[in-house]
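Asker: Join the two chains, each given in its own frame, into one complex according to the hints.
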Amino acid sequence: MWCGAVSYSDALELQMRICNLKKLGFQDDVLLLLEHPPTITLGRNAHADNLLVSEERLKTLGVALWNVDRGGDITFHGPGQLVGYPLLSLGPGERDVHGYMRNLEESLIRLLAGYGIEGARNSGFTGVWTGRGKIAAMGVHLSRWITRHGFALNVSTDLSYYNLIVPCGIVGKGVTSVERLIGRAPELSEVAERYIFEFGSVFGRIMVQKSRRELSAELLNFERAQEQVAISTPH
Amino acid sequence: MTIKVTMPQMGESIFEGTITKWLKKVGDRVVRDEPLFEISTDKVDSEIPSPASGVLSQILVPEGKTVQINTVLAIINGAGAEEKDESMFHSGDVAAQEIPEEEPPAKPEPVPEAEEPPPPREAPKPSEVATGIQAQDIRTSPLVRRLAREHNIDLSRIQGTGLEGRITKEDVLNYLERIEAPPRAEERVAPTPPSAPAPPQPEPVTFAGESEVVPMTPMRKAIAEHMVASKRTSAHVHTIFEIDMTPIVNLRQKHKSDFERREGVPLTYSPFFAKALVDNVREFPVFNASVSGDEIVYKKPVNLGIAVALDTGLIVPVIKNAHLKSLTGLAVAMYDLAERARSKRLKPDDVQNGTISMTNPGSFGALFGTPIISQPQVAILGVGGIEKRPVVINDAIAIRSMVYLSLAFDHRVIDGAVADQFMARLKERLQSWTSWID
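Those protein sequence lines, which keep their order, are chains A and B.
Residue numbers are given in this note's numbering: position 81 of the first sequence equals residue 81, and the series is strictly consecutive.
Residue numbers are given in this note's numbering: position 230 of the second sequence equals residue 230, and the series is strictly consecutive.
This is chain B alone, in the form it adopts within the complex (with noise of 0.2 Å):
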């Protein structure tokens, strides 16, 4: 019932702070999150947001006054009947942690966070407390149970050395020395996947003689993770149109051979569609767009993704700002990206904060793909093999070369409807590709 406001700790070597102004006085209501006093840093002056809801009872330490890092400013008479912990400073956040009276049996709620997350506002409700212990009977922090989230722990297994049994960050990192704990999946290559809590295990089920077991490599596992939270995630759906080609075609016979020697990389037909999609895009800004709970963010630059396969799996490496470049500068991205992620050189800046992705089912001889959307975005464009077809034309019989593009769309926000009008747009773009437009 009572909170204490604590000087926060504004930076990593920063050990003290002066409180410039109360923004409240002693008998106040207070709202949380409200700004409730500003303190100076080197220059700085930071406004903090109070805590906890409730009234202002006492103010410890006055204006003008220099302290170090948690030491108690003022204390809030909070609402409530729950027990509050006391308040902790959590990189840039103060948040007052409720320690839920009664803990529902242990499941774990996956909640997948998006990659970016609205800054939390709220204190996480007891279901997110997710490690199947009895809180009334263990008391830590909130430092603590987020460690122990992260690394999977009971906590209730741990031992507490702190003041009244509490579980200690020490108690928790030596309890992990103590089990060995296997190390987490290293570094994601591929597009980051959203993290979240691992859900509980199934026993390893291993086989004896006809088979063999092999574990997943890093990448693998990154992989598979990505594609089946992605699933998890989007409403998938997908949109397949039938492009004439052959204006294309018949542009890229004409100038392949200039292009190669001017810029020194081969003109494939992946420009083409990338700059038809990045344009489309521009149209139709839905497609550049992220979900985020129940807001959707739309982003400004272009960002595109490129699929390539790799032997040993598969990365998306992305040109950042693709509506900024030409023809040529999307087709010299393109191969030096490629190239990069064959020989391993790609940074990892080079696959992060991708828009909008495009992939080519059609490369190994695919007719059209049904491609898997990377999160966070909302559409992946995939291009089938070009194929000379007969098809009708002004009711005779001509032999064109055509493609199947289809087109993997979020049907959280983008319904049918809004995906064929891109698609045909995108159709138009290319079938009407007579001359050279760099």
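With the rest of the complex left out, here is chain A (with noise of 0.2 Å):
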């Protein structure tokens, strides 16, 4: 679902509302596709040290700062970057964490090569490499095999926010964009369409389109069908 530009914390509040009733049993897994103010995030295997600037200097600057429950390091979310949140529950054959982020990346790698870019991986470090540089960057949660969280692909985003921060704590490696690869700036709605197709592949899902209002009155659906039942259920 492409929701467009959302702060990080809507964006963290949906993932925990649909997470959370995915727990109480919610069937559908949900990809959320968007784009982020300027943000920097620091995952549980973040060191302090790895943010280059002071946080007075962030607030002048206007770029947020938070702290998230996701694996890795630091990094920045900003315009021009596609963020993605697969929210999904992992099936009986899907539970590996490895199995996982190697299906993310593939999925991007897939995504990529439809502009002329060959990704790749590089053992030892998650995320997309290219020749000039990272170019998405992941940090997953997982609670119950249900994941949060998930990528975040440069496509035109500004790099020179890179120098805030040593991104993902990854020293001596630079960053680069679509952009800065071949020349031109698709929009980020167009990435997000070719995205949900080779995600349906890798993943093997169907993907279904639904606006932002569908999914919520579905959420809001099934919260007070919960309701019910924890009222007509006695404890």
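Hints may be right or wrong, so weigh each one.
Sample of chain A residues facing chain B (criterion: CB under 8 Å; computed from the structure) [to be verified]:
| id | residue |
| --- | --- |
| 1 | Gly-43 |
| 2 | Asn-45 |
| 3 | Asp-69 |
| 4 | Arg-70 |
| 5 | Gly-71 |
| 6 | Asp-96 |
| 7 | Val-97 |
| 8 | His-98 |
| 9 | Thr-126 |
| 10 | Met-138 |
| 11 | Gly-139 |
| 12 | Leu-142 |
| 13 | Ser-143 |
| 14 | Arg-144 |
| 15 | Ile-206 |
Counterexamples of contact, computed for chain A against chain B with all Cβ distances above 12 Å [said to hold, decoys possible]:
| id | residue |
| --- | --- |
| 16 | Ala-11 |
| 17 | Gly-80 |
| 18 | Gly-183 |
| 19 | Phe-203 |
| 20 | Arg-213 |
Derived from the structure by calculation, the hints contain no laboratory data.
From the three backbone atoms N, C-alpha and C, an ideal C-beta is built for every residue, glycine too.
Answerer: So, in structure tokens, the structure goes:
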């Protein structure tokens, strides 16, 4: 589902809501695709020294800062970057952390191939790499094999923001974007469309487009049904 | 009484993990399945639930430390008098298995697992450890017990070579080799039946002289098991309606040669029934559901199963997302699936995940049939033979093409009134089909 521009906190809230409902039995897996305003996030493996400037400086620059419960170190999100949060209930054959990350990388590699970019894995460094640096970062959280957070793909991101951090805590390797590599900046909504197809292929799921409103309605219905059950079930 | 919390294995090739956060402190009460700690593997932060309830008495590995899988990370002082086994990490779920103190005499409970079981939240009750063993005499782990159950082995026959006479996985596998267990049923081509621990086998009866004993083919075995299991599972009720097919007969007559020329496949009556059925199911969503324990699982896409008779048996390939297909789309899909079914070119995906099915007992001359529901669906529509019959219309006798439709439905979730409303609406759709609607 392409959400357009969403603040980081709103996205967090939506993810938590969907995943909590999933724990209660909400059937659908959801792929959220969106764009964040300038935000730096610190994952569970983050080292504070990987933030190269002070918090005040970030405030002046209008960059938000968040500590999040995903794996991975520090990274940047911003306009021009396609952010994907697959919220999946991993099924019996899928409950393998490595497998999931490799699949996520695969879906991105295939997407990039469609733009003539050769993306590759770099063993030991999760994410999607090109000859000119890292193009997609990944960081995930699992709870009862339900996935949260996901990936960030630089399409036409302003890469100068990365000077504020040591991206993913990896010194010495640069970052790049689709725009840098092919000389033009495709619309994020178009990239999202293509990604939906690749995701469906790699993860073996039928993708159904939903508007934000439809999803909200479904979540609300489910929540209401849960309340009914809770009320009518004596404890 | 003490339960060890160990580092789980988060994937086949993952052999270590790093504790990133303890969500509880020493001395805290913990509840089974409540998030206890978080670990990090490969940029994935996973929340791990507590294997048991009790009090967190010791934390042995601090935050930030990386350890091998199965390393003991903490100790929980469990409540309850039962002896608890080591917590075992098992395909994503941390579960503490209890060794029951007393085992009732062997009576394996056939517990048919629904095809989409909810994630197991309780430890299996003592009656589910169903291999007739005196549990207090034998030390095993849940993995071993499961192995034994799957292969129908009496664990009391195996000599344990593990610690304190424990029966290990190797012991079970060696035992299996020695007794040369017969191969289990081959891959099921028919809609996958729910797997149940085999009920006690009666002694095979052998005749001599006047009869011939022929072992069942794997397909036949699969069909036999599925049919019986289905009858045992669903509360089968049938309702039969008579439909005037004259408008559709005329429509088909008018369009069939053009259709065949355009699409390259013949236009039979089946796509008309299929389209009407699928549209009807969208109006009555309970027909596209499944029963899971105490819950009704409503499925969104309509994946229509079409029963195809083969010379070796029967198979039900599925048209996925039939609700998104037009009449033409359904006709083409049905033709393709039937062709591939007969030439044995179906893929496993073609026979899985059906949500409702259709069968055609009329094709061999029956007036109507009483089909068996294909689990885990809740209904199946049987289409009889279309025949010209004299009927009364406006107090006069007319000759019309008539058909009997029989609907088998699961009375656990569909009541007679609902089924009849469904059929009445289906009848309305079919009888009012006077112009080409694709």
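Asker: Could you let me know if the closest chain B CB is still more than 12 Å away from the CB of Ala-11/A?
Answerer: 17 Å, holds
Asker: Verify the interface restraint on Ile-206/A: the C-beta must sit less than 8 Å from at least one C-beta of chain B.
Answerer: For Ile-206/A, the interface hint holds, since the closest Cβ of chain B sits about 7 Å away, which is under 8 Å.
Asker: Checking hints one by one. Is Asp-69/A an interface residue toward chain B, by the C-beta closer than 8 Å rule?
Answerer: Asp-69/A check passes; min Cβ-Cβ to chain B is 6 Å, inside 8 Å.
Asker: Test the statement that Phe-203/A is away from the interface with chain B: the closest C-beta pair must be farther apart than 12 Å.
Answerer: Phe-203/A is indeed farther than 12 Å from all Cβ atoms of chain B, at 14 Å.
Asker: So is Gly-183/A really clear of chain B, every C-beta pair being over 12 Å apart?
Answerer: 30 Å, holds
Asker: Decide, holds or violated, for the assertion that all CB atoms of chain B are farther than 12 Å from the CB of Arg-213/A.
Answerer: 17 Å, holds
Asker: At a threshold of 8 Å, is the proposed contact between Met-138/A and chain B supported by beta-carbon distances?
Answerer: 6 Å, holds
Asker: Per the CB criterion, is Ser-143/A less than 8 Å away from chain B?
Answerer: 4 Å, holds
Asker: Report holds or violated for the interface hint on Thr-126/A, using the least CB-CB distance to chain B and a cut-off of 8 Å.
Answerer: 4 Å, holds
Asker: Quick check on Val-97/A please, does its C-beta sit within 8 Å of some C-beta on chain B?
Answerer: 4 Å, holds
Asker: Checking hints one by one. Is Asn-45/A an interface residue toward chain B, by the C-beta closer than 8 Å rule?
Answerer: 6 Å, holds
Asker: Minimum Cβ distance from Arg-70/A to chain B below 8 Å?
Answerer: 5 Å, holds
Every hint, counting from the list given before, is met by this structure.
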